[in-house]
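Engineer: Residue numbers (the working numbering), protein chains in the order written: chain A, 1 to 84; chain B, 1 to 196; chain C, 1 to 239.
The set of hints was computed from the structure by calculation and includes no laboratory data.
Values in this document were obtained by computation on a predicted structure and should not be read as measured data.
You may find that some hints are simply not true.
[Unchecked claim] Below are the SDA-like pairs computed for lysine to any residue, each with C-alpha atoms no more than 25 angstroms apart in a straight line: (1) B:Lys191 <-> B:Arg165; (2) A:Lys75 <-> B:Gly166; (3) C:Lys76 <-> C:Val11; (4) A:Lys75 <-> B:Glu193; (5) C:Lys95 <-> A:Asp65.
[To be verified] Label-pair ranges, simulated between beta-carbon atoms: (6) B:Pro120 <-> C:Gly238: 37 to 43 angstroms; (7) A:Asp5 <-> C:Gly80: 30 to 36 angstroms; (8) C:Gly237 <-> A:Ser78: 26 to 32 angstroms; (9) B:Pro120 <-> C:Gly237: 33 to 39 angstroms; (10) C:Pro154 <-> B:Leu84: 41 to 47 angstroms; (11) B:Thr57 <-> A:Ala29: 29 to 35 angstroms; (12) A:Arg69 <-> C:Trp105: 24 to 30 angstroms; (13) A:Ala29 <-> B:Asp16: 26 to 32 angstroms; (14) B:Glu43 <-> C:Ala49: 44 to 50 angstroms; (15) B:Ser72 <-> A:Arg69: 30 to 36 angstroms; (16) B:Glu44 <-> C:Glu161: 55 to 61 angstroms.
[What the hints assert, rightly or not] Short derived list, chain B residues pointing at chain C, Cβ under 10 angstroms: (17) Phe3; (18) Ile4; (19) Thr5; (20) Gly7; (21) Phe8; (22) Ser9; (23) Gly10; (24) Thr24; (25) Asp28; (26) Arg39; (27) His80; (28) Ser82.
Every residue, glycine too, gets a C-beta built ideally from N, C-alpha and C.
In case you want the letters, here they are:
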Amino acid sequence: MSHLDGNALAGVLSEVFTFDPTLARARCANCYSVDVLARAMVYVDGSAFVVRCASCDAVLATVMDGDGRRWVSLKGVSAIEIPR
Amino acid sequence: MSFITRGFSGRSHDRDPRLPPGQTEVSDWPVLSAGPTPRVDTEEWEFSIRTENGAHTWTWDQFMALKIDDVSTDIHCVTHWSKLGTSWRGVSIDTLFEGIETSHDFVMAHSYGGYTTNVPLDELLNGQAWIAFEFDGEPLEAEHGGPARLIVPHLYFWKSAKWVRGLVTMPNDDPGFWEQSGYHIHGDPWKEERYW
Amino acid sequence: MSGPADTAWRVGSVSRISKETPSAARIVLDVDGWPGNDAGQHLDIRLTAPDGYTATRSYSIASAGPGMVVDLAVDKLPDGEVSPFLVDDVMAGDKLEVHGPLGGWFVWRPDAASSPVQLIGGGSGVVPLIAMLRSHHDTADATPFRLLYSLRTPEDTFFPEVLKDADVDYVYTRRAPDGWPTPAGRLTKDVLAASVFAAAEKPRVFLCGSTGFVETVAAWLVELGHDPRMIRTERFGGT
Ligand SMILES: Cc1cc2nc3c(=O)[nH]c(=O)nc-3n(C[C@H](O)[C@H](O)[C@H](O)COP(=O)(O)OP(=O)(O)OC[C@H]3O[C@@H](n4cnc5c(N)ncnc54)[C@H](O)[C@@H]3O)c2cc1C
Ligand SMILES: [Zn+2]
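When you get a sec, could you build the whole thing from the sequences and use the hints?
Structural biologist: Okay, here's the thing in structure tokens:
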């Protein structure tokens, strides 16, 4: 299958970010537990937020702020359910 | 839309020529923690270097028997603070690499607690980096990365991996945990290499 | 206020700032375009220095409902970067950048549900709970509400005018008022057990304060038989 441009993501991503992400339920890719992000553990390390699974401590996500920009990684999340 | 807040200057802004651009000197040492602080007993602690040719491992006692350097240096955190004239004791990476051969040009530092950060090998050698276990004459506290942390003072301080447990050489400059998440692949404070 | 979140950076004008306690200030902001907020939400304040340096911190909102007026209460940490500025230097008429309303989890909406609501606040952690008490009062909601408030001394009370109409148990950690039945001291598990709705009543719990306070109390609640899924927490930081 040929790939699409990142533009094709605009629709789905704008949907992701118009909802409060803290209410989204995420599955941990390490222990497979499911919970709303609001219940995860957030560690603040300077300008970085490291979000860890409340069940197993694994890193679910990172959010990093700097120079007026923001980086978001959902590296430890296998899927996220968007409230709609 | 950002505008200047009347009367706000942030932490004091004294300029010292030792301060890279965008940095502010602090006297205390902000504790940053991206997770529960790993507590590693020196009885269980091990440090290893792994290359394509095999692994070398040191226990705490073996490590303490190596040549130990006194290091006085400035440290620079990506979050805009610097601490000048800090003093450390530790084993130089040159000492650890004596007799170790590798054709790889890059290193991934691994920590207890799972974090990783990447550094070019030639920036760890020639008196540029240490595995430090003492700060200001005291054993390094767990909050600051003890029992031992990597220090690479000429790069932003996230490269100075806390709770370090090993270095693994690699052929390519793969990004570590922090570099995957937004921090710069290299991290030179004089070039303000803070983020991608 | 569920559905797409209407959050954005906006300009808040300080319409009033007053001493709330010896170490804290109450700040009333008029925020142009504020969409109103649920009880328990917070906002982020961003300060910018002339050299472009910025510092951002979260503050809970003590008010709830529609309208563009937002009440905050900020406690000063003496070695802090932002809170001493907000408490000591901000004046009426100043403009602050605010981002919000934020957070849809640590909120209470009027619902007259059968299960009671237990609020537990330590120090400035009472701020979002104040919004819940106000919302509960203003909407004449019938849900049973109780607050356990741990604070240093009587002078450290935030929003006394809201608390006087509420069912509050106070725990004074440093100095109690004259004639108080129990000496000042830290909250204990026994006092906690005696001052909150019992686990058997299946209360929803909103617990807020410094990280250490929240961790300790949350662990005790679970030991006392409360269902962890009924406990919502908001950690303010610190130890
Ligand atoms: C969702 C949320 C809502 C909040 N609501 C409020 C509120 O309504 N009122 C309010 O006063 N604060 C509130 N806070 C805390 C606030 O965001 C700041 O952390 C606080 O004002 C300290 O900022 P600072 O810049 O003065 O201190 P910093 O310069 O950030 O820190 C100075 C020192 O104090 C320690 N520290 C940081 N935060 C705390 C803390 N909360 N308690 C004890 N020690 C701490 C730090 O570790 C550091 O050593 C809230 C925090 C969150 C996450
Ligand atoms: Zn998990």
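Engineer: Does the nearest C-beta of chain C fall within a distance shorter than 10 angstroms of the C-beta of Arg39 (chain B)?
Structural biologist: With a minimum Cβ separation of about 16 angstroms from chain C (threshold 10 angstroms), the hint on Arg39 (chain B) is violated.
Engineer: Take the C-beta atom of Pro120 (chain B) and the C-beta atom of Gly237 (chain C), compute their distance, and say whether it sits inside 33 to 39 angstroms.
Structural biologist: Holds - the Cβ-Cβ distance for Pro120 (chain B) and Gly237 (chain C), about 36 angstroms, lies within 33 to 39 angstroms.
Engineer: Given the hint of 44 to 50 angstroms, is the C-beta distance from Glu43 (chain B) to Ala49 (chain C) inside that range or not?
Structural biologist: 48 angstroms, holds
Engineer: Keeping to a limit of 25 angstroms between CA atoms, is the pair of Lys95 (chain C) and Asp65 (chain A) held or broken?
Structural biologist: The given pair, whose Cα atoms are some 23 angstroms apart, holds under the 25 angstroms limit.
Engineer: Within 25 angstroms, alpha carbon to alpha carbon, are Lys76 (chain C) and Val11 (chain C)?
Structural biologist: 23 angstroms, holds
Engineer: Holds or violated: Phe8 (chain B) as interface residue toward chain C, Cβ cutoff 10 angstroms?
Structural biologist: At about 4 angstroms, which falls below the 10 angstroms cut-off, the nearest Cβ of chain C leaves the hint on Phe8 (chain B) intact, so it holds.
Engineer: Below or equal to 25 angstroms on CA atoms is what counts here, so check Lys75 (chain A) against Gly166 (chain B).
Structural biologist: 23 angstroms, holds
Engineer: Does the interface hint hold: is Thr24 (chain B) within less than 10 angstroms of chain C, judged Cβ to Cβ?
Structural biologist: 8 angstroms, holds
Engineer: Against the range 26 to 32 angstroms, how does the distance between the Cβ atoms of Gly237 (chain C) and Ser78 (chain A) compare: consistent or not?
Structural biologist: Because 30 angstroms falls inside the window, the suggested range holds.
Engineer: Could you tell me whether the CB distance from Thr57 (chain B) to Ala29 (chain A) stays inside 29 to 35 angstroms?
Structural biologist: 30 angstroms, holds
Engineer: Does the Cβ pair Ser72 (chain B), Arg69 (chain A) satisfy 30 to 36 angstroms?
Structural biologist: 35 angstroms, holds
Engineer: Given a hint of 37 to 43 angstroms, does the C-beta separation of Pro120 (chain B) and Gly238 (chain C) actually sit inside it?
Structural biologist: 38 angstroms, holds
Checked against the numbered hints above, the structure breaks hints 1, 7, 13, 26 and 28 and satisfies the rest.
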